[in-house]
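So the chains spell out like this:
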Amino acid sequence: MTRLFINGIETEVPEGTSVLEAAQSLGAEIPTLCSYPGLSAYGACRLCVVEVGDPRSGPTKLVSACTYPVQEGLRVRTHSPRVERARKMLIELLLSICPSSKRIQDLAAEYQVERVRFPVRDERCILCGLCVRMCAEQMMARAIGFAHRGYRRKVTTPFDLRSEVCRLCGGCLYVCPVCELRCQGPEAPDPICGSCQAPTCLSAREDLSGAWEVTGGDSVRIKAPREAGKRSAGGVP
Amino acid sequence: MQEIEAIIERYGAERRHAISILQDIQARFHYLPKDALRHVAARLRIPLMDLYSLATFYNCFSLTPRGEHVIQVCLGTACHLKGGTRLVEALERELGVREEEVTPDGRLSFKTVRCLGACALAPLVVIDERYHPKMTQRKLTQILARLRRVREPAEAAR
Amino acid sequence: MKIRTLEQLLVLERELRAVHDHKPCVRVCGGTGCRARGSEDVLARFQELLEQKGLRGSIELKFTGCHGLCERGPLVSIAPSEVFYQSVEADDVAAIVGETLEHDRVIERLLASDPVTGARVRREQELPFYRRQHRIVLRLNGVIDPLDIREYLAFGGYQALAKTLERSTPEEVIEIIERSGLRGRGGAGFPTGKKWRLARAAKGTIKYVICNGDEGDPGAFMDRSLLEGNPHSVLEGMIIGAYAVGATRGIIYVREEYPLAVRTLRVALEQAREYGFLGETIFGSPFSFDIEIVRGAGAFVAGEETALIAAVEGRVSEPRQRPPYPVERGVWGCPTVINNVETWANVPLIIEHGPDWFASLGTATSKGTKIFSLVGKIRNTGLVEIPMGMTVRELVEEIGGGPPPSREIKAVQIGGPSGGCLPKDLFDLPIDYESLGEAGAMMGSGGLIVMDDRTCMVDVARYFMDFLRDESCGKCLPCREGTNRMYELLTRICEGRATESDLDLLEELAQVVKETSLCGLGQTASNPVLTTLRYFRSEYEAHVREHRCPARVCKALIRYVIMADRCTGCLACLSPCPSQAITGQLKQPHVIDQNRCLKCGLCLEVCQFGAVEVV
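Protein chains in written order, with this note's numbering: chain D, 1 to 237; chain W, 1 to 158; chain C, 1 to 615.
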């Protein structure tokens, strides 16, 4: 058993527990987006950052609670001013990417993020990777995954083509934290279906390379499924 | 496919050799053909998605063919300060393509690289592995003209 | 022929050294800079001429690693007469052979000149560039042929390893390294001895040592020069480290942009195995160890320890949070020591000369020397090695030779995209881990870029942010999104479209990216922004309040004009202009149409009369 201090409260948890689990077991409410029970911890959204360390004996730092294993004598603060400031900015960034997500809007309300000072891109994906991990770890399919790197990163199938191994289980839709709509079938009534990453959507056609568009050199826009299926010039042969 | 097989044999059909195998395929074909990736995935017994992630993550891989002559413009810090970006703009203007795209005749493509370690010679341009120190826009125009006229790669890059 | 004892090594050293000390030798520099300027042709010409004259048997010819003074390449040095020639072309070789080699006469025009007196100097040590350095790790670069292990042996190579295996326990080796005060040369400066001790204590029967040869900082080529110029110094260090830590396997991770380094290492590994320095029962001890090379595939983030481990395992270079640290759980879950190329190369020296000798160099907290690639707006660009604690001013003025004519130095950038910019009024800072850290910069791997009054610091921040957002692995939100948004903001500032509140937003965002990013890339990504805001705020303010770029770099805020009083009307700039923006007649001053001007700078390049000005 490992003994640690969360917000000043002493607690004991089994070795190997994450700080997130330990904090949650004490009732501390730490926001998360990229973690899900049963899926491996990823530490990508950084919303669950907490302040660790003892300010009396050295500098403290922010770490993601979901991937930080408990340590003997660790001092953790889940809602310090530094943590709150960080979460606010992260939420503001999220809002600027995904303004229409109810989950993110709720977080914004909770953390009093009232303005978005970045140019807004109306996207459907925050790259939390839950769908990827669901497909890999629960379904053992690896039909979808990450492609590219950095600001060009996206979730897709190999070559943006319809997957040969996807079993249409809907797990990726289920676990996605930002879009709450369900698949509306092959002839979705409006382009704001948004519930799926186009590669596995039933209404998408064979070649989905036209589903992604890099606009303005700086951002990637996901087109609605109805626009997908057009052959794009110079795309995948 | 035989060549792909030979490359796989060279390292061993294990996941940890995936990057080396892809690098050799890239060197041989100047890009990663879809079928080659499918074959490697099957032989290494790893999901195709994993290879696609690798192929799109790293700089050295290209999923579309590169030109016959590849022009590399260094955009390391020293080269940037000495006008490397201007050279990139000049290439875009003269060739009519952007980075990693091939000219319609398939002859030329260019890419930017970050630091080749010859910073005293900034701005640096490498064409078909030959280093051209202290490049200027005018010199570049002349070289491009030669590359387009002559069919012999070795001659043209001099 | 395997070497089994220290005694055998010493005998071999004496034999090889005897030959070396008496036979005249021509050393042509094969470093990248010199090669790019044609040193391979120079080498070929020497081979040809020496053959022709039947001198191949009596004169050694070597193609060495980077000799350092890249600005003046191709470099040729002659032993034992110690003549040092610069800017040597293939056409000069005949004269060198005829005059210097055959008749001991020096060719004046090929000698370097002292920057102060202007007099020609014969030996490299007479140049402040070399004299002020303390070349210990680089001592054999420019001297030996990196493709022949016997050259390394002639200078005492692998004796440190022999002594270690014959006389010291692994524990004792760790103590020596701890006492020396050696800190990681890759940037973070973690105490090497401590790292080894942790790895030794970690649980596991299989352990790894890895050499991080990813050197991704644009502008840095120190590690490259070591790998290409003296690979055995790195190998020997790794073997000693493996013994200390209890590792049986080693990996050298080299970025794919360095094919020559890979080839050189392959030869070096082959030869080391031949001599028994790698493989089973090294030097007759129970210790067995071998090294494999893993090539990188092109990602700056792969230089981060956990991302490098992912790449070695055949995955994308995505870092993970630590703990657990690689020394506990690294490659395939095994305890792993990852050290930088330069760190490994220091190890044999520390064993050979003792930890106290090493600790006598440098400062109280930063021991030893550091290799820097000194580039940018400086007279003497190249590869230098200095004792820790030398001031920035000394490095820039004494060794670097100061700015090029009619330019003033404004700042230095240390530590690459993870580092920061220091203004000239901080040039009396000593170069050590703590001082640089306090100033907001970072030692980094050794890239040092000198900037002058025509460098826009906002543009520099933007350049680094473009690099970082491109190289970010994309896993965590603050780095992926934050670097992109910082780039957007910096672009707006450079284009004169930003407001005062944008500057505040930039600073706020930079702070959060620094504190919440998952790995070192994101955690240091804000440094270029934060240091330039701290020390060069006036430049930012000029861009925002006055829509002016003081350094006259940012395209949207400058204009190219032709000064009528200097224009001779020669028409030279008219046709090269890609947008036909220049009009004018013969002998009449030409005019640039600002609406058509692309600001490409071609006219400035072309004009022989300096009539084009950037305002």
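Possibly wrong hints are sitting among the right ones.
With a Cα cut of at most 27 Å, we get these calculated DSS-like pairs of lysine-lysine [said to hold, decoys possible]: (1) C:K163 x W:K134; (2) W:K134 x C:K194; (3) W:K139 x C:K194; (4) C:K599 x W:K111; (5) C:K53 x C:K2; (6) W:K34 x D:K154; (7) C:K163 x W:K111; (8) W:K139 x C:K163.
Everything labelled a hint here was simulated from the structure, so no lab data went into it.
message: Flag every earlier hint the structure violates by its number, smallest first.
response: 1, 2, 3, 5, 7 and 8
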